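2 protein chains.
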Amino acid sequence: MVTFLSGGTGTPKLLDGAAAAFSPEEITVVANTGDDIELGGLFVSPDVDTLLFQGGGVLDRETWWGIDGDTHRTNSALLDIASAAGLPDGPQYLPAEKQTEGRDLARWRRFSGVAEFMTIGDRDRAVHITRTSLLDEGHTLSEATQRLADAFGLTVDLLPMSDDPVASLVHTEQGLMHFQEYWVAHRGEPSVDTVEFRGSSNADPAPGVLEALDEAVVIGPSNPVTSIGPMLALPGVADALSQTPVVAVSPFLGDDAFSGPAGDLMAAVNADPSTEGLATAYPFADAFVIDEGDDAAFDRPTVRTDIGIDSREDAARVIRAVEDAIDRVN
Amino acid sequence: MVTFLSGGTGTPKLLDGAAAAFSPEEITVVANTGDDIELGGLFVSPDVDTLLFQGGGVLDRETWWGIDGDTHRTNSALLDIASAAGLPDGPQYLPAEKQTEGRDLARWRRFSGVAEFMTIGDRDRAVHITRTSLLDEGHTLSEATQRLADAFGLTVDLLPMSDDPVASLVHTEQGLMHFQEYWVAHRGEPSVDTVEFRGSSNADPAPGVLEALDEAVVIGPSNPVTSIGPMLALPGVADALSQTPVVAVSPFLGDDAFSGPAGDLMAAVNADPSTEGLATAYPFADAFVIDEGDDAAFDRPTVRTDIGIDSREDAARVIRAVEDAIDRVN
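Order-wise, the sequence lines are chains A and B. Numbering follows this note's numbering, with no gaps: position 231 of the first sequence is 231. Numbering follows this note's numbering, with no gaps: position 208 of the second sequence is 208.
If you're looking for bench data, these hints aren't it; they were derived computationally from the structure. It should be emphasised that the depicted structure is a prediction, and the values quoted were computed from it without experimental measurement. In this text, a Cβ means the ideal position worked out from N, Cα and C, and glycines have one as well. Treat each hint with caution, since some may be false.
Stretches of chain A that chain B covers, calculated by requiring three or more beta carbons in the stretch to come under 8 Å of a beta carbon on chain B [claimed, not checked]:
{"id": "1", "stretch": "79–87"}
{"id": "2", "stretch": "92–99"}
{"id": "3", "stretch": "103–115"}
{"id": "4", "stretch": "124–136"}
{"id": "5", "stretch": "139–151"}
Using the sequences and the hints given, assemble the complete structure.
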């Protein structure tokens, strides 16, 4: 049995090659939910969605979000209506008092749907509506995710990290903003002071998460701060990781992050924005998988391979390195 | 100045011919909101929407709801997901405690979006998202409607009947159900005991409504019970109508309703389900426009014409009869 901790790009890419070393029924994937937001009344869970679409074979592999070939009729009409009515565009938070009303899960991350600032596809939107309605019917996010995993025919176990609200909020030179505003609307450009996982100290890991952390754990090449950080902030998770074999796959090629704002964000949490910073970010890691061209040195077992993933073959190569690393520490 | 009271089909059809007697800036349209529901987290206002699309020239004139040429990608995907996940279809109310939580306006009429039982189009959905988000931003339904009217380029004044929750609930042999369940899911087939406008006694007419009822009022050929009834249940509306010239256009051709379940519903409120029942349903009416083939007799001025409306020319003919009736009582 093996458990992957996943954000929304690097680890889903890695999972494309999982079959090179693991059978689907051995695999549990725990997804970050700090990125989740409520947008126009719908609860959007971007990392869970990418994993649903990746696992279901319908992911848009150009963008690594959304459904391949999806249309965007509603999103486009939202922009047209806002423009014709003279309504503002860009991210618009609901009023402060609304941030803690309504669905508890959406606390501190509620956005207006006027001129919808994230490009939600039409089929993609049906996932958000189904999830939101299951939540409103009284199901947990775990239960809603299980139903969606059934719908997309997932063969791995997919768990959201928590059924409680945890909001990844970025304190920047331009003010406090949710990660989705920072990343989607501002392209990760504002200088970051610190990252806060609001709610995490009162949140529980979702059912099955701590049990899954009794197995060998693979931290995929996801953003250590905003993708993996929210999980580490949950009570019990860091402890559990310190007691089980953990292999971390570097999301860096030297000082460069493969995707997303990992470099800047690492600096914001006082970790070196490079492969070597992983030792600080993941003190519980027992082994690392890093690029063959990376001269980082660790006091723990290190497997080197070409860690660039542009195809399923690339993913399979990195997965074999992960298997090798697990074998060395298990 | 003239004010039309409108449901979602007959009166919008009549408004197609309004220019035959009135200029747009003379016209106020007050729309029924008892039919409104929250569906999958979105506040849907069907009669307001038909008037927006009719006035904006984008209405689907085959169905008299939705946007002409709209796609239904999200609705279709919702049905696919529910089917693949083994989730139920048909109307599903949110749990009882959720009916009075969240947006006050949606009280007593909250439905799950799982397998979305109303066929919402993709561009249509953008209207619901914009409306819902404007409500969540703190705007009233009137304000949200005004913004949408701007977006669709309406030339008439369009007012929702109230900014407060009023839910048209139908007590049937199959139990209590919202009008949309009765009409969309059950095709108006269950036998009706009575119709309740929950919330109406505590609701205020929206800003501008009572003022608009100082002008000559035209009650279009809409369902007297479920389209016009909710307005009449609002404090002050029946009084206002008794003090101003009111012309009612019959929605009946003898015992047949032109559209919708008017006949059965009239019987449910102890009114004769025919043109003559209008005198009971609209005691404040000062004149009637009825079909030339209708032998109903009233003790008030009555203008006869062919009241069937299948084209703009038909609508213009009925509008000229309305103008004639207003002239007789004004």
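Hints, one by one, checked against the model:
Counting residues of the stretch 79–87 of chain A whose C-beta sits closer than 8 Å to any C-beta of chain B gives 7, which meets the bar of three, so the coverage hint holds. Counting residues of the stretch 92–99 of chain A whose C-beta sits closer than 8 Å to any C-beta of chain B gives 4, which meets the bar of three, so the coverage hint holds. Counting residues of the stretch 103–115 of chain A whose beta-carbon sits less than 8 Å from any beta-carbon of chain B gives 4, enough to reach three: the coverage restraint holds. Counting residues of the stretch 124–136 of chain A whose beta carbon lies closer than 8 Å to any beta carbon of chain B gives 9, which reaches the threshold of three, so the coverage claim holds.
Coverage of the stretch 139–151 of chain A by chain B holds in this model, with 4 residues showing a Cβ closer than 8 Å to a Cβ of that chain against a need of three.
Checked against the numbered hints above, the structure breaks none of them.
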